[in-house]
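A.B. asks: Residue numbers (our numbering), protein chains in the order written: chain X, 1 to 380; chain P, 1001 to 1111.
Just so you know, not all the hints are guaranteed correct.
As the list claims (entries may be wrong) - Not the full set, but computed from the structure, chain X residues with beta-carbon under 8 angstroms of chain P:
{"no.": "1", "residue": "G39"}
{"no.": "2", "residue": "M57"}
{"no.": "3", "residue": "P129"}
{"no.": "4", "residue": "P133"}
{"no.": "5", "residue": "Y150"}
{"no.": "6", "residue": "L186"}
{"no.": "7", "residue": "A188"}
{"no.": "8", "residue": "D193"}
{"no.": "9", "residue": "A241"}
{"no.": "10", "residue": "C292"}
What the hints assert, rightly or not - No farther apart than 20 angstroms at their CA atoms in a straight line, the calculated lysine to any residue pairs in the SDA-like style are these:
{"no.": "11", "chain 1": "X", "residue 1": "K131", "chain 2": "P", "residue 2": "W1046"}
{"no.": "12", "chain 1": "X", "residue 1": "K131", "chain 2": "P", "residue 2": "T1048"}
{"no.": "13", "chain 1": "X", "residue 1": "K131", "chain 2": "P", "residue 2": "P1068"}
{"no.": "14", "chain 1": "X", "residue 1": "K131", "chain 2": "P", "residue 2": "R1064"}
{"no.": "15", "chain 1": "X", "residue 1": "K131", "chain 2": "P", "residue 2": "W1021"}
{"no.": "16", "chain 1": "X", "residue 1": "K294", "chain 2": "P", "residue 2": "Y1056"}
{"no.": "17", "chain 1": "X", "residue 1": "K131", "chain 2": "P", "residue 2": "A1028"}
{"no.": "18", "chain 1": "X", "residue 1": "K43", "chain 2": "X", "residue 2": "G67"}
{"no.": "19", "chain 1": "X", "residue 1": "K131", "chain 2": "X", "residue 2": "H148"}
{"no.": "20", "chain 1": "X", "residue 1": "K131", "chain 2": "P", "residue 2": "F1038"}
{"no.": "21", "chain 1": "X", "residue 1": "K131", "chain 2": "P", "residue 2": "L1034"}
{"no.": "22", "chain 1": "X", "residue 1": "K131", "chain 2": "P", "residue 2": "E1103"}
{"no.": "23", "chain 1": "X", "residue 1": "K294", "chain 2": "X", "residue 2": "G67"}
{"no.": "24", "chain 1": "X", "residue 1": "K131", "chain 2": "P", "residue 2": "L1024"}
{"no.": "25", "chain 1": "X", "residue 1": "K131", "chain 2": "P", "residue 2": "Y1056"}
{"no.": "26", "chain 1": "X", "residue 1": "K131", "chain 2": "P", "residue 2": "D1077"}
{"no.": "27", "chain 1": "X", "residue 1": "K131", "chain 2": "P", "residue 2": "R1069"}
{"no.": "28", "chain 1": "X", "residue 1": "K131", "chain 2": "P", "residue 2": "P1067"}
{"no.": "29", "chain 1": "X", "residue 1": "K131", "chain 2": "P", "residue 2": "A1013"}
{"no.": "30", "chain 1": "X", "residue 1": "K131", "chain 2": "P", "residue 2": "E1087"}
{"no.": "31", "chain 1": "X", "residue 1": "K294", "chain 2": "X", "residue 2": "P266"}
{"no.": "32", "chain 1": "X", "residue 1": "K131", "chain 2": "P", "residue 2": "D1022"}
Read the hints as simulated data drawn from the structure, not as lab findings. Ideal Cβ placement from N, Cα and C applies to all residues, glycine included.
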Amino acid sequence: VTGVAIAGVAESELGAVAPGTTALDLMGQASARALADCGLEAKDVDGLFAASGQLAMATVSLGEYLGIRPRHGDSTNVGGASFVAHLAHAAAAIATGRCEVALIAYGSTQRLLGRASAAIGERDPYEAPFKAPMPVTAYALAAARHMHEYATSPEQLAEVAVSARAWAARNPLAFEREPLTVEDVLAAPRVADPLGVRDCCLVTDGGAAAVVVSAERAASLRRAPVHVLGVAEAQSHRHIASMPDLTVTAARESGARAFAEAGLTPGDVDLLMLYDAFTITPILFLEDLGFCAKGEGGPFVEGGRTAPGGSGPPMNTNGGGLSYQHPGMYGLLEVVEAVRQLRGEGGERQVQGAEVALVHANGGVLSSQCTALLGAQATT
Amino acid sequence: VEAPATRFAEACAAERLDFQWDPLAERAVFYPRLVSPFSGTTELEWRTSAGLGVVYATTTVHHREEPPRNVALIDLDEGFRMLSRVEATGVRIGMRVQVAFNEGTPVFLPA
């Protein structure tokens, strides 16, 4: 157990924001809302943790925007997993006295600007000639390999999107809430085989923020603390050609370390937040985090098991990156949902009796993997 | 030192698929670099691949305004993997392929 807790969380405006809005605007707005959520102010913050595909020096920009001169800053960017990495870094910084009040923040206007102009360019001389759109091509290759080795079916992939949509129907902030069937997913236009449009995450604007303090300090703030029971990072490659086995992610390592720190096992988890940039990713993470054996992720999600009322663990209860929001780096929004569920603020989608949530975030092309176990109680 | 990417591109222009060999770890290194990720040696050797390999994973990428295009990961017989494309229809995992050069770009054809 890390000894820290999440005291406040918030989303910024989401979906499609007003023309002229910047990534920093959304990061700042989410930060102000998260601070208000726990009753703290900008002047209380002495540690900043931030990342955005649009900001090369995210914490420096955020400090200027909010008028904060932190004594600890960390702009670690490992893609969509950055913010769970920040959670680990914030726990370490608080434990060693580098800061007391850590603010983790994210913002993106990729829908407003278009994905290409909302990204800092990174050209690879060995991949560029093949004009493979990234990251989708990499995930399509991983899905193809998983299907080849384990007979995972397009219908099983589609189940992930259908489950997410069923949860999204219960979330007023979800971008896509219309009913979706397996047949709809299979009939959607193809992007990169075996993935179609409905196997791919949304492209939205949005931001989020979380305030992290010691468990002791959190107890004196206005919201029920959500304890960070365990948190760990891992990475395995930057380019998909360098991933040793496309069916095995470094979530095996981050998950094992996070469970060990928390003293928990998969059977203790009440809610799964598994980064669903593409329908193949939750299937890989269910396997690599120990919820089923390698190759059994497809059967695991069949028959709506992770959907509302399903026989399996509730998964991606906000509607996920597939149906709720995906501003490009989705991980902090997973944390926001897990905190809301553990506080009992899930409204129509509340998971009854949720005590332990697993948040798993992914970055790059299955490159970086970060896992956190969050609890309504400090010990379990 | 000569940039690894430049050295690789020069070989491709001469229709050779070159890769690096780590003599300490006794294994191929790809993409080319100045330091081996296996042993840490900076004394990497250049070798020329026979250009024969197997499709490890494959996808067809669909564009709005262009014909669909293959992207594949190829496992070369010398023990390295690269991203490329197979210029054929019906590309399958496990298919044997042979390198070919398309305007200096190493692509693959069914072997």
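A.B. asks: So, for every hint listed, does it hold in this structure?
C.D. replies: Now for the hints, and whether the structure bears them out:
Checking G39 (chain X) against chain P by beta carbon gives a least distance of about 48 angstroms; that is not within 8 angstroms, so the hint is violated. Interface restraint check: M57 (chain X) against chain P, minimum CB-CB distance 27 angstroms, threshold 8 angstroms, status violated. Restraint check, P129 (chain X) versus chain P: the minimum CB separation of about 4 angstroms is within 8 angstroms; hint holds. A distance limit of 8 angstroms between C-beta atoms decides the matter here; for P133 (chain X) the minimum to chain P is near 6 angstroms, and the interface restraint holds.
For Y150 (chain X), the shortest C-beta to C-beta distance to chain P is roughly 12 angstroms, which exceeds 8 angstroms, and the interface hint is violated. At its closest, the beta carbon of L186 (chain X) sits 15 angstroms from a beta carbon of chain P; the interface hint therefore is violated under the 8 angstroms criterion. The beta carbon of A188 (chain X) comes no nearer than 11 angstroms to any beta carbon in chain P, farther than 8 angstroms, and the hint placing it at the interface is violated. Against a cut-off of 8 angstroms between C-beta atoms, the interface hint on D193 (chain X) holds, since the closest Cβ of chain P lies about 5 angstroms away.
Among the interface hints, the one on A241 (chain X) holds; its C-beta lies about 4 angstroms from the nearest C-beta in chain P, closer than the 8 angstroms criterion. For the restraint placing C292 (chain X) at the interface with chain P, the shortest Cβ-Cβ distance is roughly 22 angstroms, beyond the 8 angstroms limit, so the hint is violated. For the suggested pair K131 (chain X) and W1046 (chain P), the alpha carbons sit about 26 angstroms apart, so the restraint of at most 20 angstroms is broken. As the CA atoms of K131 (chain X) and T1048 (chain P) are separated by approximately 25 angstroms, the hinted pair breaks the 20 angstroms bound.
A hinted pair counts as satisfied when its Cα atoms are at most 20 angstroms apart, and K131 (chain X) with P1068 (chain P) qualifies at roughly 12 angstroms. Restraint check: the Cα-Cα separation between K131 (chain X) and R1064 (chain P) comes to about 14 angstroms, which is no more than 20 angstroms; the hinted pair holds. The suggested pairing of K131 (chain X) with W1021 (chain P) is violated, with an alpha-carbon distance near 27 angstroms, which exceeds 20 angstroms. The suggested pairing of K294 (chain X) with Y1056 (chain P) holds, with an alpha-carbon distance near 18 angstroms, which does not exceed 20 angstroms.
At roughly 25 angstroms between alpha-carbon atoms, K131 (chain X) and A1028 (chain P) are farther apart than 20 angstroms, so this suggested pair is violated. Using a Cα cut-off of 20 angstroms, the hinted pair K43 (chain X) and G67 (chain X) holds, with the two alpha carbons roughly 8 angstroms apart. As the CA atoms of K131 (chain X) and H148 (chain X) are separated by approximately 24 angstroms, the hinted pair breaks the 20 angstroms bound. With a CA separation close to 29 angstroms, the supplied pair K131 (chain X) and F1038 (chain P) exceeds the 20 angstroms bound.
With a CA separation close to 26 angstroms, the supplied pair K131 (chain X) and L1034 (chain P) exceeds the 20 angstroms bound. The straight-line distance between the Cα atoms of K131 (chain X) and E1103 (chain P) is roughly 15 angstroms, inside the 20 angstroms bound, and the hint therefore holds. For the given pair, K294 (chain X) sits about 48 angstroms from G67 (chain X) by alpha-carbon distance, which is inconsistent with the 20 angstroms threshold. This hinted pair does not check out: K131 (chain X) and L1024 (chain P) have alpha carbons roughly 35 angstroms apart, beyond 20 angstroms.
Taken as a hint, the K131 (chain X) and Y1056 (chain P) pair is honoured in the structure, with Cα atoms around 19 angstroms apart against an allowance of 20 angstroms. Between K131 (chain X) and D1077 (chain P) the CA atoms are separated by roughly 25 angstroms; this puts the pair beyond 20 angstroms, and the hint is violated. Between the alpha carbons of K131 (chain X) and R1069 (chain P) the distance comes to roughly 9 angstroms, so the proposed pair stays at or under 20 angstroms and holds. Of the pairs offered as hints, the one joining K131 (chain X) and P1067 (chain P) holds, with about 13 angstroms between alpha carbons and a cut-off of 20 angstroms not exceeded.
With a CA separation close to 19 angstroms, the supplied pair K131 (chain X) and A1013 (chain P) stays within the 20 angstroms bound. Between K131 (chain X) and E1087 (chain P), the direct Cα distance comes to roughly 14 angstroms. Compliance with the 20 angstroms bound is thereby established for this hinted pair. A threshold of 20 angstroms between alpha carbons decides the hint, and for K294 (chain X) with P266 (chain X) the separation of about 15 angstroms falls inside it, so the pair holds. A hinted pair counts as satisfied when its Cα atoms are at most 20 angstroms apart, and K131 (chain X) with D1022 (chain P) does not qualify at roughly 29 angstroms.
Of the numbered hints stated above, those contradicted by the structure are hints 1, 2, 5, 6, 7, 10, 11, 12, 15, 17, 19, 20, 21, 23, 24, 26, 32, listed in ascending order.
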